[in-house]
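Asks: Spelled out from the first residue to the last, the chains are:
There are 2 protein chains.
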Amino acid sequence: MALISPSRRLRRTAFSEGVEAQGVKAYTVYNRMLLPTVFESIEADYHHLKNNVQIWDVSCERQVELRGPDAAKLMQMLTPRDLRAMMVGQCYYVPIVDETGGMLNDPVAVKLAEDRWWISIADSDLLYWVKGVANGWRLDVLVDEPDVSPLAIQGPKADDLVERVFGESIRNIKFFRYGVYQFEGRDLVVARSGYSKQGGFEIYVEGSDICMPLWNRLFEAGEDLNVRAGCPNLIERIEGGLLSYGNDMTDDNTPHECGLGRFCNTHTAIGCIGRDALLRVANEGPVKQIRAIEIGGDAVPGCDRVWPVFAGGKRVGHLTSAAWSPEFKTNVAIGMVRMTHWDAGTKLEVETPDGMRPALVKDKFWI
Amino acid sequence: MALISPSRRLRRTAFSEGVEAQGVKAYTVYNRMLLPTVFESIEADYHHLKNNVQIWDVSCERQVELRGPDAAKLMQMLTPRDLRAMMVGQCYYVPIVDETGGMLNDPVAVKLAEDRWWISIADSDLLYWVKGVANGWRLDVLVDEPDVSPLAIQGPKADDLVERVFGESIRNIKFFRYGVYQFEGRDLVVARSGYSKQGGFEIYVEGSDICMPLWNRLFEAGEDLNVRAGCPNLIERIEGGLLSYGNDMTDDNTPHECGLGRFCNTHTAIGCIGRDALLRVANEGPVKQIRAIEIGGDAVPGCDRVWPVFAGGKRVGHLTSAAWSPEFKTNVAIGMVRMTHWDAGTKLEVETPDGMRPALVKDKFWI
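Those sequence lines, one after another, are chains A and B. Be aware that the first sequence starts at 1, since it is given in our numbering, and climbs by one per residue. Be aware that the second sequence starts at 1, since it is given in our numbering, and climbs by one per residue.
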């Protein structure tokens, strides 16, 4: 791992003080903000996440807020997912596409009111696209980045922890729904969601001033639950098939290539900017697609670039995320493979920094 | 300095191999791409830059390409700088503003033809804003990120080095003008520009495949010039008053606050999206503005967050970039100060991580 130079441009978060006190060992940069990647070690963090409860500073999931009479119209322009049935209190995973159907981000939309939405973004300045669209189409809507810092509580004991701070009723929140809970007299949106398969919540902390008080309150409340600071875990998210925008897909890819066709209602999502471009791919299907891939041999090195994938000496795709899984005793990976070679059981070869290795297309991720 | 975790999302460049071979010691992340920050040490790199010639991998200055009948119209919509007199062969520093006059980026526009422009961007996804505007206003223009990797040649011996590779005529290129030169049979735009005050060129290398051949050719040609790999130098750029988007200004700031009023022709830049919002600030002037600030005491620590500035116990601004200058034997800094306290000679106090220090408003940067 290389060193990263400090600068204001790589923004600290309202939880950074707490993250540092918990001994963060490495970061990535996400939306020009510091996102922890390692506390004890990726493997130790992984085991802890699967057995306990962790508190994650995911402030880098910045919000794009849409407010005004045209907010819902604008939201539908951004995504091929049909939003007509979405109710206040729901969160939707929404691929965002440009006029060519290329993915610009894969955020979670939070419907706060008919005329007020948050878009909880992955790593790209979606704010700029939304502002440009709103300006060009002269929509009656305000678009900005509010002072909201998401804090994730993830792991099998997440319910136990949040109950102690927000009360028993929080257990009743269903998956991808949210409730509004109080902390220090302030209303906070708390959703059952998060970037792991271990279950848990995301607290949308509005107001930087209450971030550290909430952080400290959660750690106090969870002492006997063995609560620790954590972060999205590379191994666990690959096992679970959780895609990472910028790693596993870019604006070169359609949602269908990313296996997100089920979130595209191209026939009914009227008004979506990329709808026309996606109609054909929706009908005929993509020619390459995301797959779970197993890589043979010992633990692979860090995947910091595209690893080409071959079959019979011919390039048929690439891998973009890979890690050794202690639980499944193999290297788990995410890749994009051409349809000629994407069937489960297909044998491939992958070019890693330490040489060619055998690889295998799996029928599903490790869940 | 913290460690940074490897991932494809933090993109390597077509020069990364060369940068690593030259012993890069630290990076920053800029437009989700690796930008070197240190080779020998910030101070050793600084002295070398001021006396020799360096080759900088600034691939992270991604290009937004505008192509088509409406390209020039779109370019003028983006900036309050009047572009009517700009000719093919020129580069303009152009503040980019949204409809409120807030700065979205401060790139260099390169006019390749009446209907073809590159925008060489600072650290934000300007591509998204430009694509959104083009879509919303239904302009007849293609907007995308081409495979162009800028390589900067900076330092007093820059002319000597580029002459050896591109021929004597390259010495005639004027500041912020470019010429087209051949390398391995390909046309490359070479401009006299760059993010230092030591003079030099930026080569817009089109095609990743010729990046390393050009890198190697330049190092071979410059052996007796003591050429080294380098990067934008924190100390030198603060001394020279070169602003950094995301550090010294954000979308909260108008160009006028950043001292960029001279690039805003709000009365004649017809069509600029932020023109109306900037008219009043252009007439009355901003209430706070960027200033060169000297900080007393020993070398300051790295500035990774806003440092508040006070006068008589009252907050009057903040600093956002600071470093010890070996040449001027003081801490040089860039800050934003309210008009009540921005006159040269005004004494201030700045809150640094190791305590309050005296500070002084300078009449100009250290150039």
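Worth flagging that the hints you see were computed from the coordinates, not collected in a lab. Fair warning: there could be bad hints in the mix.
Per label pair, the in silico range of CB-to-CB distance [said to hold, decoys possible]:
| hint | chain 1 | residue 1 | chain 2 | residue 2 | range |
| --- | --- | --- | --- | --- | --- |
| 1 | A | 299 | B | 114 | 51 to 61 Å |
| 2 | A | 140 | B | 267 | 26 to 36 Å |
| 3 | A | 356 | B | 100 | 46 to 56 Å |
| 4 | B | 3 | A | 174 | 36 to 46 Å |
| 5 | B | 3 | A | 177 | 52 to 62 Å |
| 6 | B | 267 | A | 174 | 27 to 37 Å |
| 7 | A | 327 | B | 3 | 23 to 33 Å |
| 8 | B | 3 | A | 308 | 25 to 35 Å |
| 9 | B | 87 | A | 268 | 43 to 53 Å |
| 10 | A | 25 | B | 302 | 16 to 26 Å |
| 11 | B | 85 | A | 356 | 33 to 43 Å |
| 12 | B | 176 | A | 299 | 44 to 54 Å |
Where a beta carbon is used, it is the ideal one built from N, C-alpha and C, also for glycine.
Asks: Hint by hint, note whether the structure agrees.
Replies: The hints, checked one at a time:
no. : hint                       : verdict
1   : A:299 to B:114: 51 to 61 Å : 55 Å, holds
2   : A:140 to B:267: 26 to 36 Å : 29 Å, holds
3   : A:356 to B:100: 46 to 56 Å : 54 Å, holds
4   : B:3 to A:174: 36 to 46 Å   : 39 Å, holds
5   : B:3 to A:177: 52 to 62 Å   : 37 Å, violated
6   : B:267 to A:174: 27 to 37 Å : 57 Å, violated
7   : A:327 to B:3: 23 to 33 Å   : 25 Å, holds
8   : B:3 to A:308: 25 to 35 Å   : 27 Å, holds
9   : B:87 to A:268: 43 to 53 Å  : 50 Å, holds
10  : A:25 to B:302: 16 to 26 Å  : 19 Å, holds
11  : B:85 to A:356: 33 to 43 Å  : 57 Å, violated
12  : B:176 to A:299: 44 to 54 Å : 51 Å, holds
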